[in-house]
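J.: Here is what each chain is made of, one letter per residue.
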Amino acid sequence: MNHPTSNTPLLQVNGVTVRFGGLTAVDDVSFDVHQGDLLGLIGPNGAGKTTMMRAIIGVVQPTVGSVFLGGESLNGLPIHKRIQKGMSLSQQLVRPLRDMSIQENVALAAASDKTISPLRAFLNVSTDRELAVAQTELARVGIVSMASQSPSIQPLGVLKRLELARALALKPRLLLLDEPLAGLNSQEARALATTIAEINQQGLTIVLIEHNLGEVMRICQRLVVLDNGKKIGDGDPRVVMADPVVRAAYLGGDALGASEAQGHSTLETQRA
Amino acid sequence: MNYEISLITTMAIAVMFALSLNLITGFCGQISLGHATFQGIGAYAAAMLGKAGWPFLATLPVSMVLAGLLGVIVGLASLRVRADFLAITTMGVGFLFVGIVRQQESLGGELGVSSIPDHGLGRVGFMALALLMCAGIAALSVYIKRSWMGRVFNGIAEDEDTMRVLGIDVPRYKLAAFAMGTSLAGLSGAFYTYHLTFIGAESFGFVESITVLSMVVFGGIGSVPGVIIAAALLSVLPAWFQVIGDYKLLVYGGLLFVMMRFSPGGMAGLAARFFPTTPLVKGGKP
Amino acid sequence: MKFRTARFSLMTVAAAVALSTSPAWAQLKMGFNVPLTGFAAADGKSALDGAKLAVEQANAKGGVAGQKIELVVYDDQAVAKEAVPSATKMVDRDKVVVAVSGSYSGSTRAAASIFQNAKIPYVVAYAIHPDITLAGDYMFRVSSMGEVQGRGGAKLVQNLGKKRTVLITVKNDFGQALAAGFRDAAPKLGINIVNEYEYAMPDRQFGALVSKVKSDNPEVIYASGYFFNAGPLVSQLRAAGITVPIIGQEGYDSDKFIEIAGPASEGTLITTSLDRDSTEPATRAFLADYRKATNAGADMVAASSYTAVSVAIEGLRKTGGKGGAALRDAIAAGSYDTPIGKLVFNDLNEVKKDIQVQIVKDKAFRRHSVISDPVLLAPPTKAK
Amino acid sequence: MLAIELVAQGLIQGSIYALVALGLTLVYGLLRILHVAHAALFTLGGYVGVLVCNASGSLALGFLIAALVAGFGGVAMFRLAYQPLLSKPPYVALIASIGLFIASEEAFRIIFGAQGMSFTNPALQQQLVLGWGLQFKLAEILVMVSTASIIGVLAWLQARTRIGIACQATVSDPQMAQSFGISLLKVRDINFFVGSALAGFAGVWVALLNNLVEPTMGSVPSYKALAIIVLGGLGSVPGTLAAALLLGVIEAFGTIYLGDILDRNAIAFAFLIAVLMVRPQGLFARS
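Protein chains in written order, with our numbering: chain A, 1 to 272; chain F, 1001 to 1286; chain L, 2001 to 2384; chain B, 3001 to 3287.
Hints are computed from structural coordinates only; laboratory data are not their basis.
Check each hint, because a few of them may be wrong.
[As the list claims (entries may be wrong)] Incomplete in silico selection of chain B near chain L, CB under 8 Å:
(1) Leu3002
(2) Glu3005
(3) Ile3012
(4) Ser3058
(5) Gln3115
(6) Val3220
[Said to hold, decoys possible] What the simulated footprint calls covered on chain L by chain B, stretch by stretch (three residues with Cβ under 8 Å from a Cβ of chain B suffice, anywhere in the stretch; the number is not a length):
(7) 2042-2051
(8) 2208-2216
(9) 2220-2232
(10) 2238-2245
(11) 2253-2262
(12) 2354-2360
[What the hints assert, rightly or not] Here are the simulated distance ranges between beta carbons:
(13) B:Pro3280 / F:Ala1058: 46 to 52 Å
(14) L:Lys2119 / F:Glu1105: 31 to 37 Å
(15) B:Val3153 / A:Leu23: 54 to 60 Å
(16) B:Leu3130 / L:Glu2280: 26 to 32 Å
(17) A:Val245 / B:Val3153: 55 to 61 Å
(18) L:Gly2241 / F:Pro1117: 34 to 40 Å
(19) A:Gly214 / B:Arg3079: 34 to 40 Å
(20) A:Gln187 / B:Gln3083: 56 to 62 Å
(21) A:Ala242 / F:Arg1172: 47 to 53 Å
(22) F:Pro1117 / B:Ile3141: 34 to 40 Å
(23) B:Ser3058 / L:Val2244: 34 to 40 Å
(24) F:Arg1172 / B:Ala3060: 43 to 49 Å
Here the structure is a predicted model, which is why all the values come from computation and not from measurement.
By construction, the Cβ of each residue, glycine as well, lies at the ideal position given by its N, Cα and C atoms.
Work out the full structure, taking the sequences as your base and the hints as a guide.
T.: Take a look at the structure:
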């Protein structure tokens, strides 16, 4: 479903600031995301990436500024309203519903039109359409073979793909991925990054929050870099990474080290 | 024969009441320690209307609506409260109900309401209607479990936050569960009034709320057949256990503890362990 | 024919106990609902002991018309929800010929309509709610109603020459009936009710209430309750330095009240139906027999249950063991000399009897006075 | 003066609530379990106190043994009932606890009889006349004094000693505490023991004030203590103490001035629900 005019950006972040008591996690950040973009949102530990994502998805209300989706303001809307407006999120800490199979997990997301209100959900019983949608999305992320299995016996790689499939089943206009590659080894990370790129090529706008700079540089057309809550870089990945301010923020001045870029600590997510 | 009829009617009313709680606690995972309040509202509504000349059948919808209305109000309040506070808040609502009703002369105060007119259906007719209502509520419960509403309830019971991220309006579903559960509790209250022909505030107190919760948990939270069997058994346990007489509360409390200690899934849990059903492909647990 | 208590020697009582256990003879079933568990379990125990004593004594004298009397006991926890199934079972399964209530008003009211519909006479010991006898002509009550006792309490206040009274009422039908009676009689007797307070059954701590009563500084306190709440209440009133007389009712009437309130109970007055210093042979014999059977002091609950069972048995004697309308009329027509006074039923099957005022003197209930004002203490009649 | 007396009576009642609620808060803070059966230890303490005091003639011995028996009773409950249920959803332990509580009330009635028991010669009944016409039983003053001193000692223990810090660490982050070599089982045993001993101790005080112990004496404290620990912010000891005293005073005034609208036990819950609507995390807890 395309937004009305092509030049209005799909997602607009206007001067968003988020303060927790004394701490300013996000400080006056603005950027746009256009239809079809695959934007990487990166930054060293404690840069405020996750808080930014939370402000977009609605877990946190911005202290100042606002977020627009397809020209419509999202301020004050609860999470489920934003999801219903076409946004969807794949969470960093995977949380499958263990009482049902992988296919049923995805089918539940696919039934969003039926489960929009308790009454509609009450009146609808059949699951055929949703199970079919689940099959296609699972195939798209490459885990259709485990469709009827329970999530509790799957490795992390499969669960990450289940999160992705569930998010896709919501037929979003904008997909937010919160560190999908975290905890995966290099082959799994590469494979999942490739899948993400393919999904983007199929026309879905994606904002990717990720520490794995190698993969980010490989698949993203544009980067936004945050440091200490401020935006310090926005544009083509090569240009942005060459910018001394960005390098300093990341490396403390010396050359871009692959290992440092690879590693990340979970401390950052806890503090935000 | 009257004794058996009265026993079966008591069972049917208990099953209605337990199934109504199963919708809230079993399906939606919200623990309520004050469910007897809503049976009480239905009971008092039916008693007052009955004494004002309303025919029995006419009091049923009113009892359901009144109980459901307060259920939604309590539901709204419970949405603001953290999970482990919910149980205590609903318990608080229970004490408030008993505390307030006892003080109102218009509701018979401490003396309760008596000489409630006869329902006019005859003993057997009344029992048949109660059994019919039970069957209806059981069918509704099974239908809900099969429907998308049931699947969303299961999801909410397991992980609310994930359901929110999947675009589910969690508060509205909880309210829907509360409304259905409390209005059906009101229905069982109306039957209770006409069955016992005498009600007092303390018939809907904390002990009754625990009794009905134990029936749901005993049967197996969320399992419709389990809850029906448990409610039927536990409601007549005191009468059957007359022979144990002196020890029946000891046995009751002990059974509750032993079941929770060794099979938290209740009877349904035990059944699943001994005759495992086919792997979960179609709907959830029967 | 007046019912007179025969002299019992230890041997006869022992023989009775042996005999009643062997169901050699055909059984006359008497239903008995009593709270064995729950909050009223203590009164239930006394009621059961009183009832058993009456049955054993009757069986020792050969039962009724050659048949033994079997007491079919059901625990109703003093709540309606338990009383209904028990009553239905007594009627349908056990086919009792007569039933007796040794329980509180809540459960007795629920059971009353069931026995009335089944045309089974139901003799009520100490439940005092008016609806019970209004349920129908098969209902009998051997103790005076709450309102009557309340009026008796007001009369006692007048006899003591006091005016300014504070009412402390336990919040159940017993307490509220007493308060209603007191309020009804107070203006006629020139008594000024300064203030009224209520407390809940489970309450044992009365700090706030006591402080407020002290600030009212009444001349007399009319407080209703049972030994498990009245005991602590009286001791806390005295502990706060309140020395005015305290008037209680039959709920206090148990040795446990004196044990709990301890020295603070000295001088407490109660309006009840069992006079420990009675010169009546029926009362004296009962007190002795009860102590022999249970080696505990009898209380009002035991005495009224004993009386209710005895009245039922006396009715069965007259009808030769037949129940139904014949038994109802036999009981209604009889007049009884019982441990709780001389009983005659009026047309509403209520009894008009004097109120015994007892006072706690060196750790025991002793006779204080008797209130017998026929007009003031008249129970309601059918016409009302 | 009436107001002062009501506040004093409120504090006396509040002290008893504090002793019972404190044990519940320690247990909840540690295990997130609503330990309804905690009130059975309150009743157990009352009975043991009366029995020992009547037998030995010394009230102090009664208090000591009652606290010990209740303490070990609490630990036994933890080991037999709750330890195996820690992994289960919270309602499982809650229902098991309620089942245990109902069974215990009946067991007391069967063992000790329905009539309840009293002290043969209750001690500390002498009357103290203070200023403004205030008059209290010695026992009423001592219950406040002993509660304050016990809680003072506990607070000191928690802040200063190794065990205390270990307990606090286990409350805030069990896994982290374990990684520092703190044996979770030992800490939970200590907490259960201290919490239950306090409840037993409170049981003896109530037995002394009413001169009566009965099988059902634990039912009111069992649910009122739950309201208090929620008001105080679950798991916070100072919060629970403050909530208990505040509730005692509110109840004292409530019985007099709200008497005809609400009965006394409903006042506690009216207050609880009102607070929760305004501050969902409880009165004194930090959000």
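J.: For every hint, state whether the structure bears it out.
T.: Verification of the hints:
1. Leu3002: Holds. Min distance 5 Å.
2. Glu3005: holds (4 Å)
3. Ile3012: holds (6 Å)
4. Ser3058: violated (19 Å)
5. Gln3115: Holds: closest Cβ of chain L sits about 5 Å from glutamine 3115 of chain B, inside 8 Å.
6. Val3220: holds (5 Å)
7. 2042-2051: holds (count 3)
8. 2208-2216: Per the Cβ count (7), the hint holds.
9. 2220-2232: holds (count 3)
10. 2238-2245: holds (count 3)
11. 2253-2262: holds (count 5)
12. 2354-2360: As far as the stretch 2354-2360 of chain L goes, the hint is violated, because 0 residues have Cβ atoms under 8 Å from chain B.
13. B:Pro3280 / F:Ala1058: 46 to 52 Å: Cβ of proline 3280 of chain B to Cβ of alanine 1058 of chain F: about 40 Å, so the range 46 to 52 Å is violated.
14. L:Lys2119 / F:Glu1105: 31 to 37 Å: With a Cβ separation near 34 Å, lysine 2119 of chain L and glutamate 1105 of chain F satisfy 31 to 37 Å, so the hint holds.
15. B:Val3153 / A:Leu23: 54 to 60 Å: violated (38 Å)
16. B:Leu3130 / L:Glu2280: 26 to 32 Å: At roughly 50 Å between Cβ atoms, glutamate 2280 of chain L and leucine 3130 of chain B fall outside 26 to 32 Å, so the hint is violated.
17. A:Val245 / B:Val3153: 55 to 61 Å: 58 Å Cβ-Cβ, so the 55 to 61 Å window holds.
18. L:Gly2241 / F:Pro1117: 34 to 40 Å: Cβ of glycine 2241 of chain L to Cβ of proline 1117 of chain F: about 53 Å, so the range 34 to 40 Å is violated.
19. A:Gly214 / B:Arg3079: 34 to 40 Å: violated (52 Å)
20. A:Gln187 / B:Gln3083: 56 to 62 Å: violated (43 Å)
21. A:Ala242 / F:Arg1172: 47 to 53 Å: For arginine 1172 of chain F against alanine 242 of chain A, whose Cβ atoms are near 50 Å apart, the range 47 to 53 Å holds.
22. F:Pro1117 / B:Ile3141: 34 to 40 Å: violated (57 Å)
23. B:Ser3058 / L:Val2244: 34 to 40 Å: holds (36 Å)
24. F:Arg1172 / B:Ala3060: 43 to 49 Å: Check failed, 60 Å falls outside 43 to 49 Å.
In summary, the numbered hints that this structure violates are 4, 12, 13, 15, 16, 18, 19, 20, 22, 24.
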